[in-house]
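Novice: Those protein sequence lines, which keep their order, are chains P and G.
1051 is the number of the first residue of the first sequence in this note's numbering; add one for each residue after it.
44 is the number of the first residue of the second sequence in this note's numbering; add one for each residue after it.
Please keep in mind that the hints were generated in silico from the structure rather than gathered at the bench.
Heads up, a few of these hints could be off.
[As the list claims (entries may be wrong)] Result set (PhoX-like, lysine-lysine): computed pairs, CA atoms no more than 20 angstroms apart in a straight line:
#	chain 1	residue 1	chain 2	residue 2
1	G	Lys188	G	Lys168
2	G	Lys168	P	Lys1283
3	G	Lys189	P	Lys1163
4	G	Lys266	P	Lys1307
[Claimed, not checked] Simulated coverage check for chain G against chain P, where a stretch passes if three residues somewhere in it have a Cβ under 8 angstroms from a Cβ of chain P:
#	stretch
5	83-95
6	132-140
7	338-345
Glycine residues also receive a C-beta, built at the ideal position from the N, C-alpha and C atoms.
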Amino acid sequence: MIDEAFGGTVLSKILVGLKRVVDYNVRVRVKPDGTGVVTDGVKMSINPFDEIALEEALRIKEQGATTEITEVIVVSIGPADTQQQLRTGLAMGADRAILVQTDSPVEPLAAAKIFLQLVEKESPQIVLLGKQGIDDDNNQTGQMLAALWDRPQATFASKVELEGGKAKVTREVDAGLETIEVDLPAVFTTDLRLNEPRYVKLPDIMKAKKKPLDTVVIDSLGVDTAPQFKTTKYEPPAARSKGIMVKDVAELVAALKQKGLA
Amino acid sequence: MVAKILIVAEHAGGKLNPSTAKCVACASSIDGAQIDIAVFATDGAAVAAEAAKIQGVKTVLTVNNAANAEPLAAVLAPQVVAVAANYTHVFGPSTTFGKDLMPRVAALLGVGQLSDIAAVEGAYKFRRPVYAGNAIITVEAPQDKKLVATVRTASFQAAAQGGSAGVEVANVSASLPSHTRFVSRSAAATGRPDLQTAARVVSGGRALGSADNFKIIFSLADKIGAAVGASRAAVDAGYAANELQVGQTGKIIAPELYVAVGISGAIQHLTGIKDARTIVAINKDTEAPIFEVADIGLVGDLFTVLPELERVAG
Ligand SMILES: Cc1cc2nc3c(=O)[nH]c(=O)nc-3n(C[C@H](O)[C@H](O)[C@H](O)COP(=O)(O)OP(=O)(O)OC[C@H]3O[C@@H](n4cnc5c(N)ncnc54)[C@H](O)[C@@H]3O)c2cc1C
């Protein structure tokens, strides 16, 4: 909902996506039978880019001044255990959480359709997602949501400045930094330099237990989540052949010469 | 069924980006594929002429529109969708340009998107890395849907020059949004080779300690005609610009020679260089994981090794 207070359009909600992924410190291994990667007993965390997205949402809300965000909502699509990551999001400062529960993997297009359902219900001014999940490395959901919603996308954001009903977003692109201006509502996806997420403090974890966390059964959203792509095999990457150690610069240069590189 | 593949050209400043010829190489490894390239620009003639020289391309389509002055995904996507009607496949590079655009195209077409094709097994069967390259998956796409995908440029050698494709102007009627506007781009004109295509790359990590110290990386790179890269830690700390980040979430590169200086070799970094022909690691810690992938390793303090290397190299 958009308030018309302060003589202009005032921002209301930010929706943030939090994906539960294998922690970035885990060395992921392929199962011997090639049916997937080992996830049993492996540490799960909030996708790092999504943590950056939540941090940005909280900072926008805390800034107050020209923008009035009344609510930061964290959303995740995943199994029941994803409540852990949503609770962490609430402890970081989100106001409430929505878990769209499913035990099946959800492809980016289906995830975007689910987000669209929630967007239509919550009418946020900003949806903040990570640029990619560090599990599937797809880098798609934000762009797809923006397309389905028929709204702007500002991907790979390293700086977000809000001014009235618009945002100026600096993006990390291959050539350097690019700045675009988008009308709100819009979808932003985060890059690493956007901010450094805060640490969760113990009292906040206690407080987070009382914040609302709604669970939505995925089927109730009427979205077709049947996967389009079929993964038939998982393999470990080809190993590089064993290298040599040299003891000084002279040996290094000799070794490079041998390879025709010096 | 013949695969009819449309490749969205990436270009800037009136020049075609080498990523386009890499997409052609990927598409060419699909048996019997018919390959066209689409150039979206204000006036795409020069870029189209370049694209027409790539071997394996049948037709280059130019879509001219003042709105195409800058590559804004929201503006380009509806036009790509319009052109894509006659194709079975739509490919773009997995550069920031393609990653921004192609998912938007796919969603408008109502289909999923395949990211980072690393190898072609068939017209609808591909291999791609996941989990920072810790796993390579084989993926099958449905044949009754248009396949939208990005091509992992480090996995393909650019298709050769010497082609002579026809060039046609395509008229596209699509309603374009005005909700997204280009403001500016800051690209450092360094005069150095481009990181994504350079044959040699020298990269520095956190160990450099300051932007000032990082100059010794530039200096060695200049001596041997290399591009400069950096670890995330070096970029986060402000020693190097963001576009120099190599890795899972930065640039994935495949140079002939990669020299990692004061970089520990975190998995997120290694995934960006595993296709490099020769990896040289210089690190003072014998146990650094970078030595597990290095072809040539030297244990030592970079601040003594580098000046020495610069003296004798080149
Ligand atoms: C979501 C996410 C995405 C990421 N994406 C990327 C990415 O794309 N690219 C990337 O690089 N990282 C990425 N990272 C970060 C990655 O995990 C590592 O933190 C980072 O690569 C470490 O950088 P570094 O090797 O420069 O620093 P460190 O790990 O601190 O290593 C510094 C090295 O320098 C050596 N050293 C110190 N002093 C000297 C000296 N005087 N002489 C010689 N050697 C010395 C040390 O022994 C050490 O090995 C990502 C992390 C996350 C969570």
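Novice: Checked against the structure, which of the hints given earlier come out wrong?
Specialist: Those not satisfied come down to hint 5.
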